[in-house]
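The listed protein sequences derive, respectively, from chains A and B.
As numbered in my numbering, the first sequence has no gaps in its residue numbers, which increase by one up to the final residue, 674.
As numbered in my numbering, the second sequence has no gaps in its residue numbers, which increase by one up to the final residue, 674.
Bear in mind the hints are in silico, worked out from the structure with no lab data behind them.
Ideal Cβ placement from N, Cα and C applies to all residues, glycine included.
Where hints are given, some of them may not hold.
[Claimed, not checked] Below, computed lysine to any residue pairings styled on SDA-like, alpha-carbon distance capped at 25 Å:
1) A:Lys355 / B:Glu381
2) A:Lys306 / B:Ala550
3) B:Lys627 / A:Leu382
4) B:Lys321 / B:Pro347
5) B:Lys627 / A:Lys306
6) A:Lys627 / B:Asn222
7) B:Lys543 / B:Asp599
8) B:Lys627 / A:Thr626
9) B:Lys627 / A:Val446
10) A:Lys627 / B:Lys627
11) A:Lys627 / B:Gln546
12) B:Lys627 / A:Ala380
[Stated by the list, open to error] Not everything, but these chain A residues come out facing chain B in the computed CB check (under 8 Å):
13) Leu346
14) Phe624
15) Thr625
Protein chains: 2
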Amino acid sequence: MSCGSTKSIDIFFTAKSVAIYGASASQNSVGQAIIQNFIKPQYTGKVYAVNPKYNQVLGVPCYPTLQDIEEEVDLVVVAVPARITPRVFEDIAAKKIKAAIIISGGFSETGKIGAELEDEVVAIAKKHDIRVIGPNCVGVVDTHSHIDTFFLPEYRCGRPKPSNVANISLVSQSGAFAAAISDWTAELGLGISKLISLGNKCDVDDDDLLCYLAEDSTTQVICFYTEGYDESKGRSFFDTAKTVTPNKPILVVKSGRGQKARAAASSHTGSLAGSDKVANAAYMQSGVIRVDNFEHMFDAAKALAMQPPAKGDRVLMITNGGGLGVMTTDALEALNLAIPSPSAELENKLHQNLPAYCAVGNPIDVVGDTDASRYDAVFKEAIASGEYDMFVVGMLLQTPSLGMDITNVIANYQRQSGLPFIVVSMGGGFTTKAGEIMELMGVPTYATGEKAALAAKALAQYGEIKYRDKFNKTLISDKP
Amino acid sequence: MSCGSTKSIDIFFTAKSVAIYGASASQNSVGQAIIQNFIKPQYTGKVYAVNPKYNQVLGVPCYPTLQDIEEEVDLVVVAVPARITPRVFEDIAAKKIKAAIIISGGFSETGKIGAELEDEVVAIAKKHDIRVIGPNCVGVVDTHSHIDTFFLPEYRCGRPKPSNVANISLVSQSGAFAAAISDWTAELGLGISKLISLGNKCDVDDDDLLCYLAEDSTTQVICFYTEGYDESKGRSFFDTAKTVTPNKPILVVKSGRGQKARAAASSHTGSLAGSDKVANAAYMQSGVIRVDNFEHMFDAAKALAMQPPAKGDRVLMITNGGGLGVMTTDALEALNLAIPSPSAELENKLHQNLPAYCAVGNPIDVVGDTDASRYDAVFKEAIASGEYDMFVVGMLLQTPSLGMDITNVIANYQRQSGLPFIVVSMGGGFTTKAGEIMELMGVPTYATGEKAALAAKALAQYGEIKYRDKFNKTLISDKP
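In isolation and in its complexed conformation, chain A is listed as follows (with noise of 0.2 Å):
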């Protein structure tokens, strides 16, 4: 598939009006937990609870079916019994509205009764052009519009915020998994723009969210978390993900790689989880860059939506401590990334401009008393020469010799060259905050080697996915 309009499914994330169908009074249900979310200031639209029970709930005016607000609703959040869904859906359908969003199971995940239920549903919404995510879901979160969904009150599960310098979308099959997520990333501070939960997909899949998201200006990386993929749909969202891969990054975490995993996914989603060594296949030819786990994912991420994909893979790796040095050298020989030693010319160059007792090979060790003016000189004649296509560099802070200002030296040299750069900092407090300040100037930082060395492989695929008719080496079809 090619991706068509996705005003569709726009409206999801942009609603200025939303009902609440199944808003409850009652302390900790779904449908009090989701009217919470859209009674706090940061949400601007209007919002509307549905329910016959009530008049108001937690002071929203409620009404009992969706036919007596009088305004325009965009979207429906539902959040009522399985079996009561059909008759809401024709609510839905007589007033005009496009969108809804099932939170409740008990459809297809629990057998025959369930699914026919779902069956009814989504022959009603195909019938009235209604856009359905869901059901069984936790819906979405969008961090611009404060759309949200998730029924977890945020002491228990944080939600991000939108990063001034790039964001990462996540769709994941999991509920629980995109709420882990959501709050984790919040910790982290990773830029987050969209979460969705899919749930059984009714209607909305994974490859509607994919050609959204592509054309998403606040979204710079596309993510998945996936158990498996069914025959046909997994083709089209392969297909899909061919046209998109160029021009947006998609990384996707797929679990169920052995056999005792994957028996676990089925018994989960229901569906068969297919062959591990079909979908790397389909991965590597549509451009999809696979991650082990969301630790991977979050890392590579963050490279990719800071940094420019590399146009190669030669590193070189500059470091004020030489076990971080072998370290991180040692993690990117293990991805199979170039670590060309530096030309004669450009050694001679390196010596003239550093201490004696200083090492120039690959890596670069300007040693421990160093301040920032030897990274200067390393970085001006690396990048004059040619011979490198990215730099990861690491920034030991225990010491106080480095002072802050080989932050602004490594932006700087960032910026003027458009060569990707990535920065490694092992430690805490001072370490922790460097680091932050780090990446607000654009250059994604990491605590170890390994994490430095993933995220310098992730550019490296990229750029090869990117540029694909510019490079003759297959780097992709190692493993990330």
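Keeping the supplied structure of chain A fixed, place chain B upon it in accordance with the hints.
Chain B only, in chain A's frame:
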């Protein structure tokens, strides 16, 4: 080598009076940074400055030589230029002090002249039975006695604290890594007893520390960072390790797996990094567990310090999130741990005690709406069955139905059964705090299934090492 008396090493961590040779009034000098550590109220011993230039340094009385100090001195920290160090050692010998840490560089790591100076120092030390750590190192941090020779200010390089539950000690060839790990573990809140940077190892070496830490009651897990072994010392280390590992776990990060990284290690330490395969064989034979990097080391060490080793490799995974179950199972499978399904009898009992919509297998999914009672039922039956050697417990706390009583349930079953438990809990704010509470109750808690699986693997590996004779398998030969 088997361990002799470790009394001569003990004084480095228990000295009640310390002289700083080269104490300095000039800001940002090494000689000032070190004396600042010892005048903090936490250090309750006596401190003396030695430097002919001053009468006092930061209010500490300063003497021209050690001889001028009337009281006894247990330990000397040497921070004077290399060429003066032999003279300082004559002074140390005359004062009959038996322990010195040489912080200064400029010795064998710089070439022939430096090596000769180092030989001169060693000759004096040998003649007078002075034990020496260094030169070219940052020395030691002891979190109990507050002996602290790291010359890095605390605002840049945080110092870890001991935990009330279990503590780790780490010996590092690299001073920069010792500092970065001090800073990092301070932020992580990992319980640390001792950090030691050995530098050029002119006298005290890994072997000495291994013997000492093996008997140190405040160290539950011994960790090493190394870039390689020279042949004779390496052999002795592994012989010693073989006698230690049945009683206390040893973890090693050894960098220099790849060719490029090994070249960098050689240029960094001046010694041959040696074959990685030979090292691996030696680790296996001596029961040392090799881990890939510091994150893995911290994760494995936490489990080994807090939990009993596993007497087998049969893991039961319990989760309230299907996706977390699948991903953790993937990770357990990748590490070759056994994930046996419950017997028909156990399955029956579990079905009787759980709602019908819970998935009973391995993993057992007690589903998102659970409270602690379903976990309770699973632990009770699964422990009674004797079918499992350890438990990996998925605890997603984004959903408020699972209250904090789950931590008591987990800790109680762990204590009653004596079996190792590991918790995996993904998320941010509330989840992070709950994880800290879980760990105060003695059960190690991880943010991802991969980390939890790695911890489980370490417990199985160490169980095999500890109970070597009772096992027929060779788990340890697998990659950790």
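Broken hints, by number: 4, 5, 9, 11
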